[in-house]
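Colleague: One letter stands for each residue in the lines below.
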Amino acid sequence: MGVSSMLPSSLEVISAEKIFRNDVFKPVSFGFLTRKPDIQVEETDIASVVEDNIRILDSIRLPSHFDRETLANFLERIIREELEKDPLHKQSVELNKYAKDFRNYMRQYFDKIFDFHEKLKEYMSKHVFAASNIFLKSNFPPSFARTLTFSLLTECRFIDIYDMCIRRERLALITNYNDLKKFKRLCDAHNRWVDPFDSAINKINETRIGLIWYVDFTHSKTLEEIFKPKAFKMSLLDEEYFFGMLFDLQRQTDQFRRALTNLSKETFAISPSREDPTVDMLCSIMETMSS
Amino acid sequence: MPTQTSTCFFLDICILLPQTLNISAKACEDFLKKNRELCYISSSVYTIAFKMLDDAFDWVAKEIQENFYPYLQKHGIESLTCRDARVFEGFFSERRSQLTAIKSPSMYFEMLRRMEHWTVAQIHTIELGRKINVEMFLTALLSELSRVYESLKAPLDAIEVKNITPKDEIKSQVALQGIRKFEDIDHLASAIQFQFTNNVWVVFVTFDEKHILSHQRRLLDVCALHCCKPDYAMDYARDVSREKTPIQYYLSISPKSSQQESFAKAIESSLHVSIK
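Just so you know, the protein sequences line up as chains A and B, in that order.
Using the numbering used here, read the first sequence as starting at 80 and increasing by one per residue.
Using the numbering used here, read the second sequence as starting at 76 and increasing by one per residue.
Warning: the hint list may mix true and false statements.
[As the list claims (entries may be wrong)] Okay, derived cross-link-like pairs now, EDC-like style, lysine to aspartate or glutamate, Cα gap no bigger than 16 Å in a straight line:
#1 B:K109 x A:D267
#2 A:K216 x B:D159
#3 B:K331 x B:D296
#4 A:K216 x B:E153
#5 B:K242 x B:E258
#6 A:K169 x A:D137
#7 B:K149 x B:E169
#8 A:K344 x B:E138
#9 A:K282 x A:D137
#10 A:K309 x B:E210
#11 B:K108 x A:D239
#12 B:K126 x A:D333
#13 B:K285 x B:E258
#14 B:K126 x A:E366
#15 A:K216 x B:E138
#16 A:K344 x B:E235
#17 B:K101 x A:E354
#18 B:K285 x A:E366
#19 A:K216 x A:D295
#20 A:K344 x A:D242
#21 B:K256 x A:E366
#22 A:K344 x A:D239
#23 B:K206 x B:D159
#24 B:K256 x B:E284
#25 B:K101 x B:D306
#26 A:K205 x B:E210
#27 A:K179 x A:D295
[What the hints assert, rightly or not] Calculated from the model, a selection of chain B residues having no Cβ within reach of chain A, i.e. all distances over 10 Å:
#28 S81
#29 T95
#30 R111
#31 Q140
#32 E141
#33 T272
#34 N273
#35 L288
#36 D296
#37 Y311
#38 Q334
No lab work stands behind these hints, which were simulated from the structure alone.
Ideal placement from N, C-alpha and C gives every residue a C-beta, glycine not left out.
All chains should be built: construct the whole structure from the sequences, respecting the hints.
Modeller: And the structure:
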């Protein structure tokens, strides 16, 4: 790894631009439907994502010069526009529908889920980049960049662990495909472990996006300035509120990570090598600081 | 709490961080691979390790945000190629000259030197002919830093943490054996406390020759705590598992030296465990 590998392939996301909840990590629970799902993106799919985002908006403090309803309408418009052209969202909807009728669409689900997760991780690394960029152009404390990026990278780790787990489950599911009782039991077991993680990730997402929105909206005088590159100043923020959100995110991420460690200790046990120049630099600085 | 064996390992911070020498890295890897389930870290090790990592991340991130970015802006540098490493030379030499105002700057000189080496190595990784906007380059540096921060935290998460508040009496006993660093006193006292509270042997695993292993003999004689490098940890565990439990072992020492008497008294008064 090196600095070049951290540069996004497209220059689209370099600020807070387009950071909103797009619900791409939904297809994790397996279900059973009686009717075949329509895998096209429907109005209800987009409406439910918009609703999730409006809920985040409702949970954060807004600067006095913005009216909540105007902001909600503005967000709804841009989120709709983005979702309609977002291939990741389309794939997510498709996979979500396969997952809902898992017995009929198991093959399609497994054919596409791993590739989807690779793209999802790429998308999240753009968010790591965006969070780092906000920090660079601000006078925020380093804990801002550290906490935000750590929560994103922990989510990436979850995706890896999820993939590892379903690769293991796949064999049992295929073997028991014709035994409906056993197949259903396997799906139930999968849902039992995955559902708490899914809801924890949703909370982390909401807190992180809420924090970025609070920072961005407070630094925007008009609607047009929202999600546009800008310099960020700590003095414009309510410090108590800002740090409250930051600590909340840190606490949620730590809690999530602890649960994740119990699920897969071996994934966490891998120590990075000092041959990586960034690892070597950070370890050397730690050693120097503690000597 | 160990059930099938009477021995467990308490790890020092250095065991959980990537090693400079390949041979040490291999020793750690082998040891952890075979014994992960028997390894613990005390809450003091956990807290200090995370703080060290946070502090190192924060220092580099702040250096980029507060000094590096404004320097490049001030000098009107908008983009960088793999041939622009000398821009960094100017920045780091300016930073070093600012450090002379600090009372004991040697630590910062070393940290800056490490950071300089890293940033220059990073600029050399840019593909030939590619021009990168300064803001993008620095953002990529920060993202890379975050990636490594997360990967360094992972091995710490993989080891079970034992919440121990070491008693002052035990800490004093550790200090009396020649341990000088406050953090090391906490780590070793936690291991001793766990050993006598649970009556299981603890082997404290570390690479720290200077501050801990040089006092290995006295820590064993007086505090009955085995300390060793990961290379020997399994041998130590095998040997102590043949012995009596720690409490019985200490009770059987006769006659006790004055230092051992004093240690036994400290354990009795702080943990209410009689080993006299």
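Colleague: Which hint numbers doesn't this structure obey?
Modeller: 1, 2, 6, 8, 11, 27, 29, 30, 31 and 32
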